[in-house]
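Student: One letter stands for each residue in the lines below.
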Amino acid sequence: MSTVNWLIAALSVYVIGAFVSLCFSRREQVSVNIAGVSGMIGGALGIAAVAPVLVSNETAFALFQTPFAFAPYSIRIDGLAAFMVCVISLLVIVTSLYSFAYVREYKGKGAGSMGFFMNLFIASMIALVTADNAFFFLVFFEMMSLASYFLVLTEQDENATNAGLLYFFIAHAGSVLIMIAFFIFYCYAGSFEFSAFRQTELSPALSFTVFILAFLGFGAKAGMIPLHGWLPKAHPAAPSHASALMSGVMVKIGIFGIIKVGIDLLGAENLWFGVIVLAFGAVSSVLGVLYALAEHDIKRLLAYHTVENVGIIMMGVGVGMIGIAVKNPVLAVVGLLGGLYHLLNHAVFKGLLFLGAGSIMYRLHTKDMDKMGGLSKLMPYTALTFLIGTMAISALPPFNGFVSEWFTYQSLFGLSQHGNIVLKIAGPAAIIMLALTGALAALCFVKVYGISFGGAPRSEVAANAREVPLPMVVAMALLAILCVLLGIVASVVTPIIAGISTALSGAESFALAENGIVVSDSAPYTALSMPMITIMLIAFIAVPFAYYAMTKGHRLADRAKGNPWACGYAYESDMAISAGGFTRPLRIMFKPLYTIRKTFDPVPLGQKAINGAIKGATEAEPFWEEKVTMPIARFIPWIADRIRWLQGGDFRVYCLYFVIALVALLAVAATM
Amino acid sequence: MENLALLTIILPFVGAVWVGLVKNESLFPKLAVVFAALATVGALCVAQQWHSAAVAVLHYPLIRFGNTEIFGVTFDAVSTLIGFAVVGLGLLIVLYSNGYLTVKNKEHAHAPLPRFYAFLLVFIGAMAGVVYSSTLLGQLLFFEITGACSWALISYYQTPKAQSSAMKALIITHIGAIGLYLAAAFLFSKAGTFEITALERLDPASKTVVLFGVLFAAWGKSAQFPMQIWLPNAMEAPTPVSAYLHAASMVKVGVYIFARAVMSAGEVPEIVGEVGLIMAMLTLVYGFVMYLPQTDLKRLLAYSTITQLAYIFIGLSLFALGSKLALVAAVAYIFNHAFAKSLFFLVAGSLAYATGTRSMPRLQGVIQKMPLVGVGFGIAALAIAGVPPFNGFFSKFPLFAAGFELGKSQGWITAMMIIALMESVATFVWLLYKFGQCVLGKPSEDVVNAQPLTFSMNLVLVILMVMSVCSAFIAAYWLETPWLTQL
Amino acid sequence: MIHLPAEVATSGGMFFLGIVQALILLLLAPLFSGISRFIRARIQSRRGAGILQDYRDIAKLMTRQNILPDNAGLVSKVMPYVLIGSVSVVAMSLPLFVLASPFGAGGDLITAIYLFALFRFFFSIAGLDSNSTFSGLGASREVTLGVLAEPILMLSLLVIALIAGSTNFGVMSAVLGTQTWSYPVATAVALIAAAFAVFIEMGKIPFDLAEAEQELQEGPLTEYSGPALALIKIGLSLKSMVVVAIVAAVLLPFGAAREYSLSAVVFGAVFFFLKLLIIYILACVFENTLARTRFMMAGHLTVVGFGISILAFMFYVIGM
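Residue numbers (the numbering used here), protein chains in the order written: chain A, 1 to 672; chain B, 1001 to 1487; chain C, 2001 to 2320.
Hint data in this document are derived by calculation from the structure and do not stem from the laboratory.
Quick caveat, the model's predicted, so the values are computed rather than measured.
Distance condition first, Cα-Cα at most 25 Å in a straight line; then the derived DSS-like pairs of lysine-lysine:
id	chain 1	residue 1	chain 2	residue 2
1	A	K233	A	K371
2	B	K1369	A	K109
3	C	K2060	A	K561
4	A	K627	B	K1168
5	A	K377	A	K561
6	C	K2077	A	K377
7	A	K233	B	K1442
8	C	K2060	A	K552
9	A	K561	C	K2077
10	A	K233	B	K1434
11	A	K107	B	K1369
12	A	K233	A	K591
13	B	K1104	B	K1369
14	B	K1442	A	K109
15	B	K1324	B	K1408
16	B	K1442	A	K367
17	A	K615	B	K1434
18	A	K608	B	K1434
19	B	K1030	B	K1106
20	A	K424	A	K327
21	B	K1104	B	K1023
22	A	K627	B	K1161
23	B	K1434	A	K109
24	A	K107	B	K1442
25	A	K598	A	K233
26	A	K615	A	K627
27	B	K1161	B	K1104
28	A	K552	C	K2077
With the rest of the complex left out, here is chain A:
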């Protein structure tokens, strides 16, 4: 079966699964199971569809006629689209598995319709990345936002409603900007096909306009600063497996769009494209993690970290675009490699973290970290997989986050070496910001793991927690294993992704990986061997452990009992540090960056503007009625009143009128 057929099969499974699960929405467990099974099958079919494209790098095409004369439905599965479908399908399989048990949390609160919206959400994402026609691209883009809007609304409280409104507003405004960009293309290309867009030559000014519009539109979807306001509200409101998908893949659609328009359609010939992406990426990463530090709601924190990681991905993509513009193939390939690899990695570890947060909420029914604690003993598997997730997101070796950040660093280093003065300064600046981001992320996740899982339970609900059901554990374990694998076998993954970035940048391919080692240049100056680092880490951990084990005979057995030392006072649980307290010194040191957030918050301004507009409109509404219609309506009777005297009632006066009229007419006839 050809690639396109597998893809259509996958889409059909999702859509059919959605509608069938909706039919059973009264019997919630059945509905959930159907949605979950169709999700898993669809995901498997999706991976089967794109695996050949990823391996052989051949593009698949198809074209279908539709009732719309201006827009046939064309499908194009190139390397980038295949990669995106792969990432989406991977995460869908895991979250569908997770949902079998997790959705019990929402029994009676809309669990029956959740599967419907989930499956349509996934189907529209997959259709979106493979569409080759601007019209259908926008249709699926909006449908994706629509389906996820309903997922955000699941709880149906005021919080969720406001979050959904802000989210859909920004998503819709973004898609309108993208639509304008596509319209500009359409004017000069004559059709809505992306293949026509690719051939069109736009003037530099127009090309820049199109890029900025698309950048803002897709950037709003990706959640980059300053268009990120919806992320910390919307992702926590959705159910955790939906949040995992939204953070893990939906924001990546934004990045996909920037790459598609900037590189694929426009050709990235303007240096400023890449510089803008790099700059916004760097700022997003630092501010994103800084704002994450201030949170003690675990899901809001993870949402801000998505902003941070989107920033890191954008940095890699920005370097890639700069490389294409200055015609440096190494920069182009390695930059995009770093960006795309991090896209994949982030989907995996952010999905894992959200599922972990969901597991905590499943048992504790709270998102507040200050009420958790001590869960590493009570929920051991969740704790272990969550620990792996935090280590991956902090980019610690030997996990996957480290490899993609390594590539990003190396591409920025390459930028600093091969460039004009602007790039010579921009490169190290971005490296420092990335380093700062890494350190802050490590801080934040020490806090998250330490406060949530470490220490002692801080509340009743935490003390009564127990491990989550098997499907949820298996789902999280799968992602954790992937975190480890994608790190260790980096030398196998790298050539695949490098193939995609080579195809996108139009460069000649060069070897980037061999025998477990990955390098970052065609003339390599450094190397990285994840398998060896992992082995040596394990070996050097074993050495002191051996020493410890050897001397075991000389001492008493290990003991884990008693309270921590409290200077002689009776120890109490709340003597331990809280989430807010842990990050307080840092927040004070970085205070100016936090106050920016308050000064530039558009919501109060927007509120005032709306209220003013409503007041103005209320006063203006009767205007037309009172000042135009009514005066005219009153004028007519007034005129009538004025000329009433003509009809006095005296019959003789009427005869006089006849005579006057007759005389006048005769006079006119006589003069003619």
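We have chain A; now place chains B and C onto it with these hints.
Tutor: Quick look at chains B and C alone, frame taken from chain A:
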């Protein structure tokens, strides 16, 4: 085939007389449904016959004196599509009214009267007449009939407010009709016939006069600036009337006659398009600003109708300025908007029937108690706002595409399009906000005490919801069949 | 085919050398912490324990019972081993005895910094895990200090990397050791900045805030005892040594072997330990001339270091 069309037009008139004479309360609503159904079948057959004839335009003159055609019928893609829409929606509305206009109605408990169904059937017939008519005189005749019916239907409840609103509607649309009288007379004086296709042969100056006359009448009937004030006040009518008149048919008379005129005019003078576009933009912005203070759901929908019609005028003006895509977009918009807005009005009516109020602050958490109505609210709001897969997007998109294409050579059009896009996003946000307020959350007191809807009402809502998804594809298929020669 | 530069490519012999150098450093870690104690004692006009005291302490601690609070989990138990493991991998890949990285594919600047981050991560998490007041505060200070210090280290070493054209320690040391310095002022200033960063990472006063004995009862070390405490002490000392080794071996690569004969390597080893000792003693003496500072003032100090490294970068950009 022309006999079939005549039948479709005349049958409802006959039905009206019959229904008006029947006194049995349980009989005349069902009788009205039968006649409306027959008319719908007629419209469907007309459409199918035209499609199988495989010719772009079929024209049959019915009354002529020598060379002067007084009355005739024209069948092309546009008239068959819109004809089906208005007559079919008429049937749905009559069906809905069977359930709505009873003493069980919490908002307006009122026993049904035969004159309602009679006037409604006359209206259906008049609508079919306007759509199929090939002469300005024929359009004028049915234009005035619809005006009279609307007066009767708006004042149905016979309260002082309803009566004054009905009078206002009648007078303002009649003032608009002056434009159509002028246009018909001028056309006759220049071309010797009333046929709309005779416009093509006129010199540009005369064309401009006739087109402006038609445009003025269209503004009056479609509640555009400066004659928009009658529509919000016409919400005193029973909701099925609002759904039919003020969403699906009467307001569509205006855009339809303008569409016919520019379609048949050949080379349209630029000034017509420019004036049409600017006035439509003014109406658009004004209509949107007037959303903001509304707490009555029906008044909000009235202003929404005004803005949506402004979009259609934008599309037709863009066609007048030279874009073929804009015409397809505008006609599809007429078709799509009819279904979506009817759905929205009937949702409002269902809420009024069940809870007794249509004030939005008092309606919350509808989805919990009345899931079908809640879903209908959502679908209608999304369709009007232009979110795929609902029908609104599929007509807004080509409209904007056409605008940007024209804007390539004339920058001011691009500026207009950007303003329109901003308004579109603003409408979207506002409607979504209202959706969140009314449909989600905990049910308010009025909603908790809601009574269930009748089967006919539920059926109509479901049909309209399905059409809100499918109508875009139907319209696209119908308007773009390959053998159809472009105008 | 990938052709790695000579300083990065690893052969079996070099790999063995790397393991040997890591183990040697591991064994010498208590000696250096003993030297630090000794110098502090003498400057404070005490006799102090002998240099080898820490070996005796460790031997004794290994016979003590390993006690943890009851809510300590897996992370607390694993922490001491991860500390030693992560720093040892860095030690293995530094060009200490020869002008090349024995484990080239792990000798990248970025890899080293993130291995140190691994160290810091587990150190702090264990602090929170035991739920002790002091260790929690210590953990908070440790990660905050990491945020302040890492950019300085990164930027100063980045300037050297830009000058050398590679982020690999082997290449950096080879370029600085064999070629004339093409950016002399930038290199010198970067060296100063790196030394500053290293001083912070060594945990010397005023930057021993995480384990501030007077304030925090040794911070994250509070709840450890017996063998775990011994291993942590080794780990902390090893980290200081390795961080100094970065300066000694990479930035001041004089005396390291250029060919790989046994005599050259031994000679290089001797030279290295000499450099290490001198710098270490200098750092300890310098430490004891300073006073403790308030934690919130630490930011003011680190900003100075960051300023110096920016200065180094500016010199590089200008071309000096």
